[in-house]
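Undergrad: Assemble the whole structure, with the sequences as input and the hints as a guide.
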Amino acid sequence: MTTKRELKRRKVAASQQAASPSTEASEAEYFHAYGDLSVHRLMLRDKPRMEAYSTSIRTLKKEIEGKICMDVGCGSGVLSLLLVKLGGAKHVHAVEGCARVANLARQLIAQNGMADRITVWQKRVEDIAVIKEQVEESRVENENGKKASGAKKVDDGQQEVEGEKKEDATTISTTTAPASITTTTSATSSSHRKEDINDGIVANSIDVIVSEWMGFHLLHEAMLDSVVIARDRFLVKEGGLLLPDKCKIFAAPLDLRNYRTSEKNYFKPENFFGLEGFEEVFLEDEYKFDAEVDEESSNVGTRGPNITRGIKPEEVLVHRLDDSHLLRTKDDYLCFAELDLHKVTVEDLRCVKGSVSCKVTKNGGGLFGGVGIWFECLFPIPTSEQTRKGTSEALLPSAILSTSPKKPMTHWKQSIVFLEVSGQHIFAEVPEGEQVDFEISLTQSETNKRHYEIGLET
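Going by my numbering, the residue at position 40 of the sequence shown is 40; the numbering climbs one at a time, nothing skipped.
Rather than coming from a laboratory, the hints here were simulated on the basis of the structure. Possibly wrong hints are sitting among the right ones.
[To be verified] Here are the simulated lysine to aspartate or glutamate pairs, EDC-like style, with alpha carbons at most 16 Å apart: (1) K407 x D331; (2) K246 x D348; (3) K237 x D207; (4) K449 x E126; (5) K353 x E338; (6) K90 x D116; (7) K85 x E51; (8) K406 x D323; (9) K61 x D207; (10) K449 x E27; (11) K330 x E434; (12) K359 x D437; (13) K62 x D207; (14) K90 x D207; (15) K407 x D322; (16) K123 x E27; (17) K353 x E439; (18) K343 x D245; (19) K359 x E429; (20) K449 x D225; (21) K449 x D348; (22) K362 x E434; (23) K353 x E457; (24) K248 x D348; (25) K449 x E347; (26) K353 x D340; (27) K90 x E126; (28) K359 x D331; (29) K362 x E429; (30) K359 x E432; (31) K246 x E338; (32) K407 x E51; (33) K248 x D331; (34) K343 x D232; (35) K90 x E65; (36) K359 x E434.
[Claimed, not checked] Listed next, with one range per pair, are the computed distances between beta-carbon atoms: (37) E347 x E457: 21 to 31 Å; (38) R257 x A99: 46 to 56 Å; (39) Q435 x E65: 46 to 56 Å; (40) T361 x N112: 42 to 52 Å.
Every residue gets a Cβ at the ideal spot worked out from N, C-alpha and C, and that includes glycine.
TA: Below, the structure is given as structure tokens:
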């Protein structure tokens with residue numbers, strides 16, 4: 001594109017209410033929505049999703065076997081069950097904030113005979129108490145030949161000496177922990193004992209964290225924040241695994257010559273006899289794709305759960321793209337952001353942005369009218385594989401979950417942001433070989449952290 005245009009900032013917002021919802025209200029709404037079991041059915045029927053996680057767990061069995069694991073946002077508990085069944089995990093802490101779904105997970109875990117190896121926590125991972133494990137220093141002989149007990153490390157600035165012993169799991173205050181953390185002490189090294197359900201989980205005692213946290217355009221619903229918090233509080237400092245552990249976000253210029261934009265606008269009051277309400281109902285059916293993945297093909301079922309809550313279809317459409325829509329027919333040059341889940345911080349996730357610069361490779365060019373967004377998640381490589389091949393050789397991950405339009409469809413599909421100026425949808429003819437440049441950003445909403453605003457400039 002040779003002309004620079006400022007495009008309207010596309011907002012992914014729950015509503016146009018003047019007063020923004022409180023954090024408590026938005027969180028309650030979020031967890032309530034996941035009480036709809038049809039949402040979980042949809043995810044369980046998503047074959048690329050299930051195959052990526054199960055393949056990774058099988059491949060990493062040597063790293064998972066006998067280890068303590070955590071499943072953040074466990075839902076039905078399927079990944080927790082796979083960690084035990086396929087990975088041989090010693091114990092799994094399955095964390096789920098929705099009461100109805102947590103109860104379902106308990107039921108399915110018991111039905112599969114794994115209740116003694118999987119503990120379900122019905123709360124947010126942010127609300128699980130962090131147990132500071134007491135470490136007793138070695139006893140030394142004093143000058144009189146008597147044994148003197150060294151101090152037990154409880155927390156910065158606090159010590160417990162013999163004769164003044166406090167009970168286990170005594171809550172203490174700290175000046176460094178965020179207000180939402182409850183920090184307790186424990187003399188046991190077991191991070192999966194029965195009492196933990198009341199006390200908390202020992203800090204940095206989890207060997208593997210698995211989570212299916214991804215939303216539309218990767219970050220919608222901001223569940224990655226919870227995974228990062230779980231990582232910082234509970235994952236072991238050295239050698240801990242995250243499944244997945246790396247992510248990439250792609251954005252491609254789209255040819256919308258044959259896209260059904262006329263249908264998109266058909267139910268607007270000015271085009272539909274001046275009648276109100278039809279746009280909201282029928283645009284939602286057509287474009288929000290409240291539908292199920294057809295497990296026999298890459299088609300979409302006719303009806304299903306609302307999985308795009310918080311996304312206004314007139315602003316960002318969740319839709320299935322195909323090769324005919326792509327002005328760039330290869331994925332090279334389309335990745336605008338990469339996340340290393342071992343390093344990314346909650347602050348980093350406030351705004352993720354990048355740029356795309358590519359040439360049109362579609363035969364004959366097309367009508368540039370929007371950008372399509374999708375993502376990939378990469379899973380860790382087994383240590384044995386790294387050792388066998390050596391660190392100098394490029395290694396493929398053990399599994400990749402891709403939502404590319406060139407891959408089998410997932411329930412995430414792709415997100416489409418239209419080019420728009422002053423409320424008007426715009427198009428630009430781009431011949432084959434033309435350079436297309438744009439900048440894109442995903443910024444966490446100030447009114448509801450579960451939602452992201454998409455900024456686009458070309």
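Undergrad: Hints first: check each against the structure and report whether it holds.
TA: Okay, the hints, checked on the actual structure:
The suggested pairing of K407 with D331 holds, with an alpha-carbon distance near 12 Å, which does not exceed 16 Å. The straight-line distance between the Cα atoms of K246 and D348 is roughly 14 Å, inside the 16 Å bound, and the hint therefore holds. For the hint pairing K237 with D207, the CA-to-CA distance comes to about 9 Å; that is within 16 Å, so the pair holds. The hinted pair formed by K449 and E126 meets the criterion: a straight-line CA distance of about 15 Å does not exceed 16 Å.
Straight-line distance between C-alpha atoms of K353 and E338 comes to about 10 Å, which keeps the hinted pair within the 16 Å bound. For the hint pairing K90 with D116, the CA-to-CA distance comes to about 10 Å; that is within 16 Å, so the pair holds. A hinted pair counts as satisfied when its Cα atoms are at most 16 Å apart, and K85 with E51 qualifies at roughly 15 Å. Pair hint K406 plus D323 holds up; C-alpha atoms about 7 Å apart against a cutoff of 16 Å.
For the hint pairing K61 with D207, the CA-to-CA distance comes to about 13 Å; that is within 16 Å, so the pair holds. At roughly 9 Å between alpha-carbon atoms, K449 and E27 fall within 16 Å of each other, so this suggested pair holds. For the proposed pair K330 and E434, the alpha carbon gap of about 15 Å is at most 16 Å, so the pair holds. Distance restraint check for K359 and D437: the Cα-Cα separation of roughly 9 Å lies within the 16 Å cut-off, and the hinted pair is therefore satisfied.
The hinted pair formed by K62 and D207 meets the criterion: a straight-line CA distance of about 12 Å does not exceed 16 Å. Restraint check for K90 and D207: satisfied, since their Cα atoms lie roughly 10 Å apart, inside the 16 Å limit. Taken as a hint, the K407 and D322 pair is honoured in the structure, with Cα atoms around 9 Å apart against an allowance of 16 Å. As the CA atoms of K123 and E27 are separated by approximately 12 Å, the hinted pair is consistent with the 16 Å bound.
A distance of roughly 8 Å separates the Cα atoms of K353 and E439; the hinted pair therefore holds under the 16 Å criterion. Distance hint between K343 and D245 is fulfilled; the C-alpha atoms sit about 10 Å from each other, no more than 16 Å. For the hint pairing K359 with E429, the CA-to-CA distance comes to about 13 Å; that is within 16 Å, so the pair holds. At roughly 10 Å between alpha-carbon atoms, K449 and D225 fall within 16 Å of each other, so this suggested pair holds.
With a C-alpha separation of about 14 Å, the suggested pair K449 and D348 falls inside the 16 Å cut-off, and the hint holds. With a CA separation close to 10 Å, the supplied pair K362 and E434 stays within the 16 Å bound. Straight-line distance between C-alpha atoms of K353 and E457 comes to about 11 Å, which keeps the hinted pair within the 16 Å bound. Between the alpha carbons of K248 and D348 the distance comes to roughly 15 Å, so the proposed pair stays at or under 16 Å and holds.
For the hint linking K449 to E347, the alpha-carbon distance of about 12 Å falls within 16 Å, and the restraint holds. Restraint check for K353 and D340: satisfied, since their Cα atoms lie roughly 15 Å apart, inside the 16 Å limit. Pair hint K90 plus E126 does not hold up; C-alpha atoms about 23 Å apart against a cutoff of 16 Å. Under the criterion of a C-alpha separation no larger than 16 Å, the hint pairing K359 with D331 is consistent with the structure, at around 12 Å.
Taking the CA atoms of K362 and E429, the gap is about 12 Å. The hint holds against a cut of 16 Å. Among the hinted pairs, K359 with E432 is consistent with the structure: their alpha-carbon atoms are about 8 Å apart, no more than 16 Å. Simply put, K246 and E338 have alpha-carbon atoms about 7 Å apart, close enough for the 16 Å limit, and the pair holds. For the suggested pair K407 and E51, the alpha carbons sit about 13 Å apart, so the restraint of at most 16 Å is met.
Proximity of K248 to D331 is assessed by CA-CA distance (about 11 Å); at most 16 Å being required, the pair is judged to hold. Taking the CA atoms of K343 and D232, the gap is near 10 Å; set against the 16 Å cutoff, the hint holds. Between K90 and E65 the CA atoms are separated by roughly 7 Å; this keeps the pair inside 16 Å, and the hint holds. This hinted pair checks out: K359 and E434 have alpha carbons roughly 5 Å apart, not beyond 16 Å.
For the pair E347 and E457, the supplied restraint of 21 to 31 Å holds, since their beta-carbon distance comes to about 23 Å. The hinted window of 46 to 56 Å between R257 and A99 holds, with their beta carbons roughly 49 Å apart. Between Q435 and E65, the C-beta spacing of about 51 Å keeps the proposed range 46 to 56 Å intact. Between T361 and N112 the beta carbons are some 49 Å apart, a value that agrees with the proposed interval 42 to 52 Å.
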